[in-house]
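K.L.:
Sequential numbering from 8 applies to the sequence shown in our numbering.
Take the hints with a grain of salt, since some may be wrong.
[Said to hold, decoys possible] Under the rule of at most 25 Å between Cα atoms (straight-line distance), these lysine to aspartate or glutamate pairs were calculated in the DMTMM-like manner:
#1 Lys784 <-> Asp304
#2 Lys362 <-> Glu500
#3 Lys923 <-> Glu974
#4 Lys851 <-> Asp870
#5 Lys577 <-> Glu602
#6 Lys898 <-> Asp870
#7 Lys622 <-> Asp604
#8 Lys527 <-> Glu1035
#9 Lys233 <-> Glu146
#10 Lys46 <-> Glu33
[Claimed, not checked] Here are the in silico distance ranges between beta carbons for each label pair:
#11 Leu457 <-> Asn761: 52 to 58 Å
#12 Tyr82 <-> Met280: 31 to 37 Å
#13 Arg510 <-> Pro642: 40 to 46 Å
#14 Ile835 <-> Asn778: 28 to 34 Å
#15 Asn796 <-> Ser702: 49 to 55 Å
#16 Arg959 <-> Leu457: 40 to 46 Å
#17 Lys564 <-> Gly982: 20 to 26 Å
Just so you know, the hints here were simulated from the structure itself, not pulled from any lab data. Ideal placement from N, C-alpha and C gives every residue a C-beta, glycine not left out.
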Amino acid sequence: MARQQPPPWVHAAVLLCLLCLSGAIEIPMDLSQPPTITKQSVKDHIVDPRDNILIECEAKGNPAPSFHWTRNSRYFNIAKDPRVSMRRRSGTLVIDFRSGGRPEEYEGEYQCFARNKYGTALSNRIRLQVSKSPLWPKENLDPVVVQEGAPLTLQCNPPPGLPSPVIFWMSSSMEPITQDKRVSQGHNGDLYFSNVMLQDMQTDYSCNARFHFTHTIQQKNAFTLKVLTNNPYNDSSLRNHPDMYSARGVAERTPSFMYPQGTASSQMVLRGMDLLLECIASGVPTPDIAWYKKGGDLPSDKAKFENFNKALRITNVSEEDSGEYFCLASNKMGSTRHTISVRVKAAPYWLDEPKNLILAPGEDGRLVCRANGNPKPTVQWMINGEPLQSAPPNPNREVAGDTIIFRDTQISSRAVYQCNTSNEHGYLLANAFVSVLDVPPRMLSPRNQLIRVILYNRTRLDCPFFGSPIPTLRWFKNGQGSNLDGGNYHVYENGSLEIKMIRKEDQGIYTCVATNILGKAENQVRLEVKDPTRIFRMPEDQVAKRGTTVQLECRVKHDPSLKLTVSWLKDDEPLYIGNRMKKEDDSLTIFGVAERDQGSYTCVASTELDQDLAKAYLTVLADQATPTNHLAALPKGRPDRPRDLELTDLAERSVRLTWIPGDDNNSPITDYVVQFEEDQFQPGVWHDHSKFPGSVNSAVLQLSPYVNYQFRVIAINEVGSSHPSLPSERYRTSGAPPESNPADVKGEGTRKNNMEITWTPMNATSAFGPNLRYIVKWRRRETRESWNNVTVWGSRYVVGQTPVYVPYEIRVQAENDFGKGPEPDTVIGYSGEDYPRAAPTDVKIRVLNSTAISLQWNRVYPDTVQGQLREYRAYYWRESSLLKNLWVSQKRQQASFPGDRPRGVVSRLFPYSNYKLEMVVVNGRGDGPRSETKEFTTPEGVPSAPRRFRVRQPNLETISLEWDHPEHPNGILIGYTLKYVAFNGTKLGKQIVENFSPNQTKFTMQRADPVSRYRFTLSARTQVGSGEAVTEESPAPPNEATPTAAYTNNQADIATQGWFIGLMCAIALLVLILLIVCFIKRSRGGKYPVREKKDVPLGPEDPKEEDGSFDYSDEDNKPLQGSQTSLDGTIKQQESDDSLVDYGEGGEGQFNEDGSFIGQYTVKKDKEETEGNESSEATSPVNAIYSLA
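Hey, can you work out the whole structure from these sequences and the hints?
P.N.:
Here's what the structure looks like:
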C-alpha cells in the first residue's frame, strides 16, 4: 500500500487570490475615467483573402468612448465606403467582400482612436496585409547529370508567399524523400546531397510548398537524376559495407562546405527570437558536423541540434549569446571549419512600462516610461494622441526625458498620455491615463463572504478596494486586536491577507478596513477551518487466487460538514463497477477474481476542498500457483547483506560493480542502493550513488573525475534494509577540468565601502581535480571598465574601497590543476549601503479621527537614499494629555510605510492628547536624518471601560454596585450610563437605564423580588459619546437550586386545586390496575413474544431479537432457568423443567382485528412459552389489558 500526494490543483483550488498581487489599479466602471484600450489586433495582421477582414479595437471608459480610425496616418472615413462598417459599441472594423471587391485595396497601416471627454487612447499601428500564395512558375527541368560521389544541390526557389510557405520534398508519386546525414533539406528549402550515390536516381525529386491560409500545396516540376558511375551495378549489399565508397570505386575526399560558403560569415538576430545556424558539408565519406562557441560553451539549456547536427538552434536569444560560433565538418580524410559571427540586436523592450495614475486633487505623481534595446530606443511622449510639445503648457507638469512629473494635480489635468519608444527594429506604444478623483474608500467585493479552507493549508483572503487618495488597508480578526501583519500573516500591497499556515484558532471573522482622508470602508470575510480528508486505513497489497473474493479497505476520516465522495481507480484510470464488484463507503469488494483484475487500485477520498489518495496492488495467481501459499506463511525478515563486491570494466568515467545477493529471508528483494565514500573531502562519510531494481546484481556506475571511490551495497525488501555490504576495493578516476561552477553566488555589502562576494563551495564529486580554487571577477555594471579578478581557495572574498551602493557584475569560475571550468553566469551584486542623506520634506498631517491621522510627504530623491529604500518611518510620541494632572508615557513609537510611497496613516493614538512626530527614510543600513518635528492634537474620543466593576448582594432586598474611573478617559467625562435588566432563566424583564454624574462611583438598588437575577451594563460618557461597556451579573440567591424550581415556588399552590386532585386519583387507580395485571402475569409466567421465525427457540443467551422483543427479566439481574421471580423479589421454583425445544410447533396462532395476539396454545405449549423471553410490549398497561381478553 502507498499513500499518494494529491495533485497540485487540489491545494491550489483553495487559494483565494482573486486579484493579482501586483498590477495596474482599476477604477470601478461607475466612476468617470478616460478610455483604456482592452483589445486590439496584432501589429502585423495577415488576413485570408477569402474571408471578410476584421481589425479589432475594443476600449472601456466612462462615459463610453467613441472610435475613429486612421489609415496610413490619414483620417479613414468609414461612412464613404459601403464595404466598411464598425461594430456597435466597439471600434472593431469589418470590411465585407460578399458584394465584390479586392482585399488588396485595403492593405496599409491602421490605427484606432478611442475618445471620451476625459482623453483619447490609441491602439498600436496595425499593418494589414493580405495573404498571398502565388503559383509556381512553369518550367521544364532537364535531367541533372552528376558523377557518383560528387556533391549536389537541388534548388527549390519557392514563390514568395505571405506568410512564407512550409517546404518539403517528395517524389512525383507523393512518396516522401528519405533524409539522413548524407541527404537533407536546408533551412532555405534546397535539398543537399553531401555525396551522390547510384541509388539516388531510383526516384525523382519534387519540391512542395504548403501555404498556411489557403491550406493548399503547390508542387514544382520534379528533378530527375542521372548518376555517372564506374560501377553500374547497384548492389544493395554494399550499402552497409564499412568501406562502401571504396567498394564502389568512389574516390574519398576531405569535407568542404556547401552552405554557407567560404570560411566565415555573419548573422544578426533579435533578442528573444530563435537563432538558427546551419552548416551543410560535402565529402566522402559523409562528414560529421560538430558545433562550438569561441571562448565558452554552448548554452545547454537553450541550444539544441537539428537536421542531423547540421543546424544549431538557440531559443530565446539574449545579449550573452552574441559571439563567434564555428561548425567543424570532419571525416577520416580531414576536417574543415566555418566561423559565424553572431550579433544580437534588440527591438525595444520594457524596463518600466507606464501605468495608469490615479491622484487626488493636490497630490503629486509621475509617469515613467523606460525601455531598452539595441540600438538604444528613443522616447516620444504624446497626450490624447497628439505630440506633447504641441499641447498647451501646464505649469503643474514637467517632462524629464522618460519621466513626466505632476505636482499639485488638479481636476483639469485628466488626460491619456502615450509613450512611444522605438528603434530601427520596432516600437512599443503604451497608454497611461492620469485621473484626478476625490473618492472615499469603497469595497469592490461582495460583503460577508464565507471562505472554507483546509487545516494547515496556505490561503489568501481578498479585499479589493478603491479610493482616491489610495486608501491604506488594515486587517482585524473578530473585530478586535491589532492590525494583522507579520508572523503567520502577510498583507500584500493590493490588500490581500495571506495566512501562511491555517490553524484551528485562525477560524473567525476577518475585517478589512480601507482608510483615506475622506473616510473609511470595511468588509468582512468569515473563515471556516475544516479538518483535512485522510485515509486512516489504506488498502493493502494482496495476492489472491483466481475465483476468490477480495476486499480492499479504504476508511476515511473527514470534516463532517463537507460532503465526502469515495471513488476508485484501476491502473490510474476510473474503475468501472461491474456486476462482480461492490463498492461501499469504506471498501471495494471483488467477487470471482480473474486475471484481468490484476493491477493497481487507488482509493480517492475527496471533498469539495481537498482529497487524499491511497494505492494497493492486487496480484492474481493461477491455480497452479497455490503451493506458494506455504512459502507465504513462512516468517519474513530483512535481507542478508550482499557480498563479494567486484569492480570490472574500469574506464575513465565509469566502472562496473558486481555483487552476490544475500538471502531474501522469504521476502523478495525490491531494490539495491549503491553508496560511495571518498577519502579527500569527507572521509568515512557514505553517500547514496544510485538505486537499482532487485532483479539485477551488476550495474555500470557513472563516476566523477579525480575521486578515490569505495563502494558498498544495501539490499531492500518490504520488511526493511539489510546491513551494508563490506566495502569494495578503491578506484581513483583520472582528473579533468571542472564541468560546473559554484552555486548561490551573491554580492552584498557588509560596510558602506565594501562588497562581500560569497558562494557555496563545490563538493568532492564536482571538483574533478586537485587544488580546487575559484577565480572571482567583478566590475561595475553599465561601465566599460575591465574585469578585476582574484583567485580564492575559500568561499568568500571582500572587495574594498567601493562606492556606496552601486551595482556590480560578478562571476565566479572554478579551476583545478587540470584547467578551468565553463564560462560562469553573471550575477548582479551591490556594494554596501550608507545611511540616507535626506529626510522627507513638506510633511503634512491631517487628523482623521480621535485615534488616527493621515500623513503626506515629499519623497526623497533616489540618489540620497544611498541604498535600497526599505520604508518611510514615522516616529511619534505623546507629549501630554489635554486633561490636567494626567500622567502620560512619552515613549517613542513608530509606524512603518514600506516602499517608495508618499502617504500613510498612523493609528492607535490616544484621544485628547498632544503629539509630536518626525519622519525618516530607512534603507538597509538604518535611519536617515529626521525631518522637522511636527505637532498635532487628537480630538476628544470615547472613554475606555470603567475599571473594577463590582456587584454585591448584601441581602435579599438590595444590590450594591461600585466601580472606578476609566483608565483612559480620552476626554472630559460627563457621566456614566447604567443599563440593567431582570432575568429568570430565559425570561427577561424590561430594561432600565440610569444616568450618573461623573463623580459618582456607587449605586444601590432595591430588588423587585428575591428570586430574579440582574444583568448590569456600565459605560462612561464624554461629549463624543459612550465608551466601551463592562457587563456583570448579580450573584444567584443561596437557596436557589435551579431557576425552574425557584420560579415554581413563587407561583400559586396548585396542590389544593380540584382538577389536580382528580387527575392524581385517576393516575393512582391506573397504577393499581397495572400492578394487579403484572401480578397475574407473573403468576402465569408471562406472555411469549410473537416471533418471525417460530422454529428458532429463544434461549437465555438471546436477550434481544431483531423484532424488538426483550427478556422479561432485567438484563443485569436474570433469574436462573427454571425459576421465576415473585413480586417481592424472591425466586420460586417452576412447576416443570421442560424446555421449549422438546415440543413441536403446535397450532397456528391467530390475530384479532387490531393485531394483538390471541392464539390458543396447549397447556404444554403455554407452559413452555412462560419460560421464554417476555415481550417488551408486556410492560405496557394497554397491552396488559388486551392480554386478559
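K.L.:
Return the numbers of the hints above that this structure violates; sort them in rising order.
P.N.:
Per hint list: 6 and 17 violated.
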